[in-house]
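Peer 1: Sequences listed follow chains A and B, in order.
If you're matching positions, the first sequence starts at 1 in the numbering used here and goes up one per residue.
If you're matching positions, the second sequence starts at 1 in the numbering used here and goes up one per residue.
For the record, the hints were derived by calculation from the structure and aren't laboratory data.
Each residue gets a CB set at the ideal place from its N, CA and C atoms; glycine is no exception.
Check before you lean on any hint, since a few could be wrong.
To be verified - Taking lysine to any residue pairs in the SDA-like style, the calculated list, with each CA pair at most 25 Å apart, reads: (1) A:Lys31 / A:Gly345; (2) B:Lys19 / B:Glu347; (3) B:Lys135 / A:Pro111; (4) B:Lys19 / A:Ala74; (5) A:Lys27 / B:Glu347; (6) A:Lys27 / B:Lys19; (7) A:Lys387 / A:Glu303; (8) A:Lys31 / B:Leu69.
What the hints assert, rightly or not - Which chain B residues face chain A? A few, computed with CB under 7 Å, are given here: (9) Gly7; (10) Val10; (11) Val52; (12) Leu60; (13) Ser61; (14) Ser98; (15) Gly109; (16) Lys193; (17) Arg194; (18) Gly195; (19) Gly241; (20) Ser257.
Residues per chain, in single letters:
Number of protein chains: 2
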Amino acid sequence: MEISHRGQTVQASPIRKFKPYADAALKAGVKVYFLNIGDPDILTPKPILDAVRGFNDPILSYGPAQGFLELRQAIAGYFNGYKIPLTAENVIITVGGSEAILFTFATVGDPGDEIIIPEPFYTNYNGYASLANLKIVPLTLRVEDGYRLPSAKEIEAKITPRTKAILLCSPNNPTGTVYSAEELERVVAICAKRGLFLIGDEVYKEFVYDGLTHKSILEYEQVKDRVIVVDSISKRFSCCGARIGAAITRNETVYQSILRFAQARLCPPSIEQRAAIAAYKMGLGYFEPVRKEYQRRRDVLYEGLRSIPGVVVQKPQGAFYMSVRLPIKDSEKFVLFMLNDFRLGNETVMVAPESGFYSTPGKGLDEIRMAYVLNEEDIKRALVIFKAGLERYKSTVEK
Amino acid sequence: MEISHRGQTVQASPIRKFKPYADAALKAGVKVYFLNIGDPDILTPKPILDAVRGFNDPILSYGPAQGFLELRQAIAGYFNGYKIPLTAENVIITVGGSEAILFTFATVGDPGDEIIIPEPFYTNYNGYASLANLKIVPLTLRVEDGYRLPSAKEIEAKITPRTKAILLCSPNNPTGTVYSAEELERVVAICAKRGLFLIGDEVYKEFVYDGLTHKSILEYEQVKDRVIVVDSISKRFSCCGARIGAAITRNETVYQSILRFAQARLCPPSIEQRAAIAAYKMGLGYFEPVRKEYQRRRDVLYEGLRSIPGVVVQKPQGAFYMSVRLPIKDSEKFVLFMLNDFRLGNETVMVAPESGFYSTPGKGLDEIRMAYVLNEEDIKRALVIFKAGLERYKSTVEK
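Using the sequences provided together with the hints, build the complete structure.
Peer 2: So, in structure tokens, the structure goes:
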């Protein structure tokens, strides 16, 4: 009696598998600076918490499978604010962006089919590819190139008869790259020419810096029918525990497929849908101070990392992550060293090893992802500890 | 550019696909008695709503992938109350029972593998079988036999080299059958002998009537390692919109597989987990009046149905559903007739056609599922309307 192959091979989250070691450090009274996971310290906006606390139904009952109409309208309205024409009929509410990824994967491909994704990529695509039995074909990017997309020729070389879609995450987790219009157009043209779906993970849409504006794949008329965007309120409104996301598409066949998968799980959480409606009512003005806050943090983290010898990092334009190459051989070992063995004034730092963000074996072993989800002072202190820990690791463990 | 085969073939929920017609009736001012879906009218217990309203964290952040420890302990404690030895280490919190089904399916089988399920069965197993690319092998039961399980020989005849598990839902949705110890032992012995997983859907555990007690497959020592139970608070505490469930297993390999799938979706909703902790603190005493209420409703519905000529129904022992054979040819057409064309004093009744609860084509066309989730008075009135509608349907549509 064996479990399934997919159950045996599904990736343990590289972000979460070291959690027990962090818990042990916390339990021992150590202060841990968590730069490993995108769980922001920005306070959840009051309208969200007020909506939760004001929940006044006598029965917490099922909602519609596609989510409450008012929330679907609010999300369409939010995109309309960015001059992207959408209606509630293009939106299905999901349990976090996670479920939108799952339903999208299951809709574009059958077992054995392929999705091309630039790597490093959001590690949980791996889990969903295992669950849906799709194969992720990675397009390997490099920190030295600022993780920019390669030429059309190099992208097309990855296409096989089993290729069903290309997935672009922009602003990118884990690299922070924001794809330019030119890069997007390159992929849009390939999808149009080769008959592929184009999946967009744009959950960090607001978090673009240095005056850049985010360009969505929803803006490209020629792939209108090919685009599926996975969306989430987790980062947008600093409420990761709400588990409210959305799948967005103007392709009616795709919509109906996702809706039927959604019917099997009945509905997304009712209370947080109400909270999300309240969140969207704040309007786009909410994001400006948040964006400024993250930009300051990025600058602090980037400058700090640049000053550490042997560290390779490019200044990211968006999201709240940086992919960083370290002058070491094994970043998993380094993460464990920091959690188990290294303390500076009884404090340490947790980061995410990046090999799990690649699907090419052996890639990313000398890289980490850092999430700048702490305030400036904490980031500054974390940098001091990180730098000291890295030196100690190099001089003792990998000497 | 076609969507996937599974996306094209995944079943539209037979419970939900007629919802637009019900909405149209409601919009036209018609009162609709909803007996189609298991969304109880029992008030959500105050401790649950108080916990929601009392949510006081400044940041609605991620919880652990396996759910809050306190909730996992509470669920283990609940089973301990039924003399079933479990610890928090056997429990993973999921997004509704739905997600527990998905992760369990993906853990026991790979694409093309088979799960044997007595039919009629909870229709959403179909959706998850499509998503996970498993094949449901039905074991057809009959209303005339009270939907009891067939002989070991008949069950074993369904086993092939691809069979990975048998799934038993007891108390059963949609039939209301509660399997006897003898029936469970029959299946337990087969799973032990043939090396199969035994999946238990026991979300209606409390809802057993006539002094019966529910027997769980968790009670069988000889299949301790083979058992996975999918659980949910939706019906137990009348809070279907909370989306909190659990997967329960004492098999460590299975646990780790489900946990890794769970890591990909980060965590279940944080607020409702807190609410669930409050719910379990009420203790087993909460259920007695609820059970009595449902038993009375069952009696009213059963007696009412028995008095309608040509209707075949067996008195169910549990859950809050009845599977009913009607003297008609096409229950989908009947459901549409009731929603679109039939009114009694500007009122009508919605039930669920049962063909979608079978995976054998052509089965269940003359059957419906009724959920006794309304109070006695409403059920009585619904019966009057239902009987009149059935007569009219027979004399006009299927005459």
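Peer 1: Now look at each hint and say whether the structure bears it out.
Peer 2: Taking the hints in turn, this is what the structure says about them:
Proximity of A:Lys31 to A:Gly345 is assessed by CA-CA distance (about 9 Å); at most 25 Å being required, the pair is judged to hold. At roughly 16 Å between alpha-carbon atoms, B:Lys19 and B:Glu347 fall within 25 Å of each other, so this suggested pair holds. The hinted pair formed by B:Lys135 and A:Pro111 meets the criterion: a straight-line CA distance of about 14 Å does not exceed 25 Å. Simply put, B:Lys19 and A:Ala74 have alpha-carbon atoms about 22 Å apart, close enough for the 25 Å limit, and the pair holds.
Proximity of A:Lys27 to B:Glu347 is assessed by CA-CA distance (about 61 Å); at most 25 Å being required, the pair is judged violated. A distance of roughly 51 Å separates the Cα atoms of A:Lys27 and B:Lys19; the hinted pair therefore is violated under the 25 Å criterion. Pair hint A:Lys387 plus A:Glu303 holds up; C-alpha atoms about 13 Å apart against a cutoff of 25 Å. Distance hint between A:Lys31 and B:Leu69 is fulfilled; the C-alpha atoms sit about 21 Å from each other, no more than 25 Å.
About 3 Å separates the beta-carbon of B:Gly7 from the nearest beta-carbon of chain A, less than 7 Å, and the hint is met. Given the 7 Å rule on beta carbons, the hint for B:Val10 holds: about 5 Å separates it from the nearest Cβ of chain A. Against a cut-off of 7 Å between C-beta atoms, the interface hint on B:Val52 holds, since the closest Cβ of chain A lies about 5 Å away. For B:Leu60, the interface hint holds, since its Cβ comes within 7 Å of a Cβ in chain A; the closest pair sits about 4 Å apart.
Hint on B:Ser61 holds. Least Cβ distance to chain A is approximately 5 Å, under the 7 Å limit. The beta carbon of B:Ser98 is positioned within 7 Å of a beta carbon in chain A (closest approach about 4 Å), and the interface hint is therefore held. For B:Gly109, the suggested interface contact is upheld, since its CB lies about 5 Å from the closest CB of chain A, less than 7 Å. For the restraint placing B:Lys193 at the interface with chain A, the shortest Cβ-Cβ distance is roughly 12 Å, beyond the 7 Å limit, so the hint is violated.
About 9 Å separates the beta-carbon of B:Arg194 from the nearest beta-carbon of chain A, more than 7 Å, and the hint is not met. Annotation: B:Gly195 was flagged as interfacial toward chain A, and the flag holds, the nearest CB pair being 5 Å apart, inside 7 Å. A least Cβ separation of about 3 Å between B:Gly241 and chain A falls short of the 7 Å threshold, and the interface hint therefore holds. At about 3 Å, the closest approach between the beta carbon of B:Ser257 and any beta carbon in chain A falls short of 7 Å, and the interface hint on this residue holds.
The structure does not agree with the numbered hints 5, 6, 16, 17 stated previously, though it agrees with the rest.
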